[in-house]
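Here the protein sequences line up with chains V and Y, keeping their order. Position 106 of the first sequence, counting from 1, maps to 106 under my numbering, and the rest follow consecutively. Position 19 of the second sequence, counting from 1, maps to 19 under my numbering, and the rest follow consecutively.
Check before you lean on any hint, since a few could be wrong.
[As the list claims (entries may be wrong)] Cross-link-like lysine-lysine pairs, in silico, DSSO-like; alpha carbons within 27 Å at most:
id : chain 1 : residue 1 : chain 2 : residue 2
1  : V       : Lys101    : Y       : Lys14
2  : Y       : Lys14     : Y       : Lys66
3  : Y       : Lys64     : V       : Lys113
[As the list claims (entries may be wrong)] Chain Y stretches covered by chain V per the calculated footprint, using a threshold of three residues with CB under 8 Å from any CB of chain V:
id : stretch
4  : 43-53
5  : 74-83
[Claimed, not checked] Only some residues are given here: those of chain Y computed to face chain V with a beta carbon under 8 Å:
id : residue
6  : Glu22
7  : Thr32
8  : Ile93
9  : Ser97
10 : Thr108
Bear in mind the hints are in silico, worked out from the structure with no lab data behind them. Glycine included, each C-beta is placed from N, C-alpha and C at the ideal position.
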Amino acid sequence: AQSVTQPDIHITVSEGASLELRCNYSYGATPYLFWYVQSPGQGLQLLLKYFSGDTLVQGIKGFEAEFKRSQSSFNLRKPSVHWSDAAEYFCAVGAPSNTGKLIFGQGTTLQVKP
Amino acid sequence: GAVVSQHPSRVICKSGTSVKIECRSLDFQATTMFWYRQFPKQSLMLMATSNEGSKATYEQGVEKDKFLINHASLTLSTLTVTSAHPEDSSFYICSASGWALAGGGTDTQYFGPGTRLTVL
Chain V
1 AQSVTQPDIH
11 ITVSEGASLE
21 LRCNYSYGAT
31 PYLFWYVQSP
41 GQGLQLLLKY
51 FSGDTLVQGI
61 KGFEAEFKRS
71 QSSFNLRKPS
81 VHWSDAAEYF
91 CAVGAPSNTG
101 KLIFGQGTTL
111 QVKP
Chain Y
1 GAVVSQHPSR
11 VICKSGTSVK
21 IECRSLDFQA
31 TTMFWYRQFP
41 KQSLMLMATS
51 NEGSKATYEQ
61 GVEKDKFLIN
71 HASLTLSTLT
81 VTSAHPEDSS
91 FYICSASGWA
101 LAGGGTDTQY
111 FGPGTRLTVL
């Protein structure tokens with residue numbers, strides 16, 4: 001069965017420090033991979049996605065993610081975190097089909113210290 | 001591009017009443033819309049998938065008679081919570097995908113801002 005694991009429920013980093021949020025998936029083939037961000041009381045905003053091609057994907061707000069097939073991972077990174085990055089981050093996988101359904105991880109809460 | 005709106009953003013109702021939530025794709029044609037429910041500090045739970053002009057497909061455990069979904073046009077889907085009870089209080093989020101979207105097509109979902117439902 002397809003599944004997504006975000007091992008870190010809560011992460012705290014200092015402003016200006018680098019960030020890596022982990023995401024591991026279980027899927028029989030190469031899935032479509034997404035990272036979304038959710039601010040409190042808001043919907044989800046798409047940060048980036050991977051469908052195929054270059055395994056290093058650039059997104060909005062200075063985020064990037066790298067697809068590693070051998071590790072079944074799609075970790076999100078940012079070289080320098082800003083206080084406004086504090087939010088909930090969700091990794092999601094989708095099957096390359098016409099259903100479009102996504103499976104979400106449990107989310108990682110990012111806290112940024114001044 | 002790819003903007004999805006929801007209305008209302010917040011609603012409070014009495015137990016036993018019905019509440020309708022609208023989800024609109026503002027700048028693209030949404031062939032598929034999804035409805036999620038999110039409890040505090042938790043991930044999103046998919047409730048149903050709706051394709052324009054077709055009946056919605058509900059996930060296991062979701063009562064289709066309680067959560068009525070209509071997707072009558074390519075820009076509008078509605079979720080009606082019928083005879084709402086306090087346990088229906090939650091954050092409801094819709095998302096949409098469509099063929100007209102560049103770089104993602106039907107496999108990329110764009111989310112609305114959510115609706116906070118409180119049933120007294």
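Outcome of the hint check:
no., hint, verdict
1, V:Lys101 / Y:Lys14, "violated, 33 Å"
2, Y:Lys14 / Y:Lys66, "holds, 16 Å"
3, Y:Lys64 / V:Lys113, "violated, 44 Å"
4, 43-53, "holds (count 4)"
5, 74-83, "violated (count 0)"
6, Glu22, "violated, 14 Å"
7, Thr32, "holds, 5 Å"
8, Ile93, "holds, 5 Å"
9, Ser97, "holds, 5 Å"
10, Thr108, "holds, 6 Å"
Checked against the numbered hints given earlier, the structure breaks hints 1, 3, 5 and 6 and satisfies all the rest.
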